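Put the complex together from the two separate chains, hints included.
From first to last, the protein sequence lines stand for chains A and B.
Residue numbering for the first sequence follows our numbering, beginning at 1 and increasing consecutively.
Residue numbering for the second sequence follows our numbering, beginning at 386 and increasing consecutively.
One or more of the hints may lead you astray.
[Unchecked claim] So the derived label-pair ranges between C-beta atoms look like this:
hint: 1; chain 1: B; residue 1: LEU644; chain 2: A; residue 2: TYR177; range: 42 to 48 Å
hint: 2; chain 1: B; residue 1: PHE516; chain 2: A; residue 2: LEU107; range: 45 to 51 Å
hint: 3; chain 1: B; residue 1: TRP648; chain 2: A; residue 2: LEU107; range: 27 to 33 Å
[Claimed, not checked] Here chain B is said to cover these stretches of chain A; the calculated rule only asks that three of the stretch's residues, wherever they fall, bring their Cβ under 8 Å from a Cβ of chain B:
hint: 4; segment: 117-128
hint: 5; segment: 131-137
hint: 6; segment: 141-153
hint: 7; segment: 278-292
Please keep in mind that the hints were generated in silico from the structure rather than gathered at the bench.
The structure displayed is predicted, hence computed values, not measured ones.
Glycine is no exception: its CB is placed at the ideal position from the N, C-alpha and C atoms.
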Amino acid sequence: MPSASDTVSTTDRRSRGSVALKAVGLLVLAAAVLSFPSVAANPFILSVGVVIMSYAVLATSWNFVGGFTGYISLGHAAYSGLGGYATGLLVIHTGVNPWLGMLLAGLAVAVLAVPIGIASLRVRGASFVIVSIALVLILLLVFQSWGSFTGGSNGLRVPRPFGPEVLRPEQHERFFYLHAALLAVALLTWWLIDRSRFGMGLKAIREDEDKAQALGVPTFTYKLIAFVVSAFFTALGGGLYALWFGFLDPIFQFSILVGSYMVLMSLLGGIRSLFGPFLGAVIVGYAVEYFKNQYGDTQFHLVAMGLLLGLVVLFMPDGIIPAATNLVDRFRPQKTSIREVTQAELAEQRRTAGPEAAQADQQARTDDGTDIPTSDSTVTEGARS
Amino acid sequence: MSLLLQSLVLGVLLGGLYALLAAGLTLYFGVMRVVMIAHSAFLILAAYLAWWFTSETGLDPLLSLVLTVPLFFAMGVLMQRVLISRLRPATLTMMSVLLTFSIALVIEGMLGFAFSGTQRRIRLDYGGANFEVFGANVAVVKLIAFALAVVSLAALFLLMKKTQFGQALRATIQHPEAARLIGINTERVAGYGFGLGLATAAIGGTALALDSTFYPSLHWHWIGPLMAIIVVGGLGSIPGAAIAAMVLGMGQALLQIPLGTTWAQTFFYIALFATLMVRPQGFFGGRLAQRF
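Extracted from the complex, chain B is given alone in its bound form (with noise of 0.2 Å):
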């Protein structure tokens, strides 16, 4: 019953990180289209320079989201000006998948070339430290990292909801041509969009880096789980990705128990396999996926 409590607790903590991430890449794929597997490149890249602030200054790997998540807006919003923009329209999906996987790939070979491959580790003084609820033992880390998760995704709620940017921002992804009529700057919202994307990357990264072992290759096991949640939960769909997340965390911290880690990976990809073949525009997506 224990170990029962244990995975789910694990598993919602893991969730919630899930959660965040696959925010970022509805964020990309409502304003754009676009397909971004950078994404969790960037996750890694953010987790390299949290290890590095903290071994370079001395400081709590926390704080250097005041340098990276600013920094990953900047990169967002320069990588959809610069780059993004300049694919043809008629095949952008296609080629903007090429693209983000090139950015994938420069960024991998860069931290392999700066940092090394080998495994890196932020030590902290909490990092041992735990306590326990109900016999579920929960790390600090973990917990912390589910806050500033939790934390960032009400906050990217709230501006999606309350302010007259999240407003244009959601006007983008429903409906570009209504809303450049309707006057909305479509160009830069969707810079922005695709920075906040970027900048939920920097939170996650950081999160991350709080209590795993992480190498240049990483990124690679993080893009797979992602793009099954966020096709599970309807592509372009936010409340839907972070559900699935959810759902899909907590299963595989359940499955761990009989089929080990491993295995329990394999659920991910089974999700999307009948997703796809059930239900092809996700479970909360809807419109925007199918057209897509």
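Here chain A stands alone, though its shape is the one from the complex (with noise of 0.2 Å):
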């Protein structure tokens, strides 16, 4: 049996490695996306890259609500459609800086974010998701009808921020780093707000709200801080678009189907983890643009992105990166420490570990030194055993 001093000593190897692993997987990662352009093949390439890129923003934006606080929201496509005619509208109107029009807009959708996190935040799960399904409904209408203003149904031209000496293809590799730049903001901050007490208040939402609040996590807060953290960049995102298509239809700013590509791309990838959205924004956009490339715009599509998003419901509610984790962890020893385990799996270990088990499992933790207490009865009869 190894000492209490050994492993601490292998976990702290094993973690350095890991580190500097993780370091050198980030710059490849860094490299590929900054290095696409100039290996892309054609304008057309560069564009869908640009489009990947856009749904990237928009799912790690997501997945700031939906990730931390498990609250899944099919309506962020309200935020990014009006991230987008703010910038738009701003810059036609008030003739402001494009970008500093697209920062002004994002804020203004916090704002706004505000009473509709109130309204929205205060039941639980339910309501949530239906406030946020009326919410695009509603916009929808609302731009839809009130032409003089956004256009209408006609659409809203968005003047382009580069002048005319700036080429289509330049234009391309232009908004695709400034795409990939804001990307990497939206991924520093949710890291960031993953290591915080802040992030642990918010993942403790998820994981069990009533438990959360008993120990004094002020939920609500929280919720609403995450909430218009995610509209905030998704706004931006919806800008930054905006600026790159320069034309925007509100039937396609505020389609649920836009909020849902986001739910799936970051379910699909791991809302758990830091590049989960990334991956699935582009594994479904590539998907999304080569169905559309090769079937153009039909009803199919409808159909396949229903049946991917009832399969990965089904089948993989954790996503890709951490079931691809725990096929590599269990190549690895053991961990010892405390590890992330949900509410749903802890339930299951339970279960089919039993009481015997569990006693079992619990005095081989106490050997060990790293004795987590897993509930009262378990901890009394260890001690008297």
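Given below as structure tokens:
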């Protein structure tokens, strides 16, 4: 049996190794993303790359709410659409610098998200989803009917931020890097929150909101902050997309389908992982563009999208990254420190293990010196034996 | 004055249909804590089936109910058994939303695939018939749709209150563990509850097909108002849903006079936001909604 000091040193060594591995992985990823425009065969491929990066920004922004708190919003298209329209309208009516306009639009949407969040986060789960859907539908109605201000169903033409001397391929390249930069900022923010006390509170809400509240986590405030941050980044993503694409149509901006893309991407990649939404965006974004290119914009992609979402929800609700990590972890020595286990997994373990196994497990852990009290009864039993 | 009366009558007629559909949504939420996004997609599916039935056989679309109601009931039971019950209990509410959402997308896509995206309408001999009550014009088809909704709601009410199955269903809604303890097979009852909910979509869809034009993506226009209704009524309360449906349906019809049809739609969403701000558990639901 290894002593406690042994365990610590191996864990230490392993973590140092994994940090180095992570750094290398990050460098490779960054290099791959940054070199894409020079590798892309033609402007069309490059534009697909921009679309995928835009999806990645949106999905990562969505994940501030979905991943941390477990509240699934199907209506995040509302914030990307609002961000796009606000950016476009600001540039058109006030003539403000487009990038400043984008930032202002993001802030405005964040302010707007406060009352929406207050209304929708008051009741658990179900109401939140309902409000998120309702919001997209209401905005679609408003932006279609209010023709004099938003351009209505005819759409809104957004002036380009770069002059006419910048040609189309060049535009794509610049916007690709801009999207990548925004994605990097969003990922960094997610990572910082993930490691903070605030992030810990949010994850506690995801696993068990009642217990989190009982332990003193200000659940409502935390949820609201995560929600507003998410809306802010989503709006920035929408604004950047509007500046690139140069044209906004309410049907596509306030579409439930766009919101569900964000959910599907994040879920497919893994909502608990930093790069999950990015990975999902690459897969789903590529698939969507491929389908549109091959089969046109038919009803078929609705069916494919629906089936894919259904399959992910039924068979892989944790996503690709956790599944792959589990596979890799199987070949590693068992971890002995505190693990991150979901409530569902814990319940499952207890059910299969039964009381005797739980007791034996407890005993083993006590010997290891890494005692985690699982419940009151097992602790007292362990002490008695 | 007659315009006002006209709107009121229209509101009541529309409210009846809303009430029936909202009752279905409430059933799903009651038995499984599931927010069923696909409800209105099934509504449109039923409308398409009624249209297809009429154009193939030349019979009255109301007769298609004989086929669609049992079919939808079976589909509901199957859906609960095969799909919904597979989800993990800890994340059921959220994941079931996504699952039913994906079902809605598949239905919409398949409808577009099979019947194309063009707008459809059933031509009826009595389609243009109407009569006057105190100066208000009432179309016969709207009245039939309303009667259908009221009869189904009454049947549902009797089923819930008077039969043993209804008692078991209500017990399952109120407290699943306790219901299991006294020997109710809650799994099976939940399946049947789901089937009943989907059957309301079959009836509602046929009623809808009588007097309106429909197309595959129409279900998005229905799901929003229906969701608003069940939240205002209090998630899980069938009488609450029915009352909220009537009130909101009438409100929409009345607001159409000064605002026009498009802006009157926003009434539902404003009511939804107001309810969540003032009384998040809804006006009639109480306990159930607050816990979830």
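For a quick check of understanding: which of the numbered hints are violated here, in increasing order? 2 and 7
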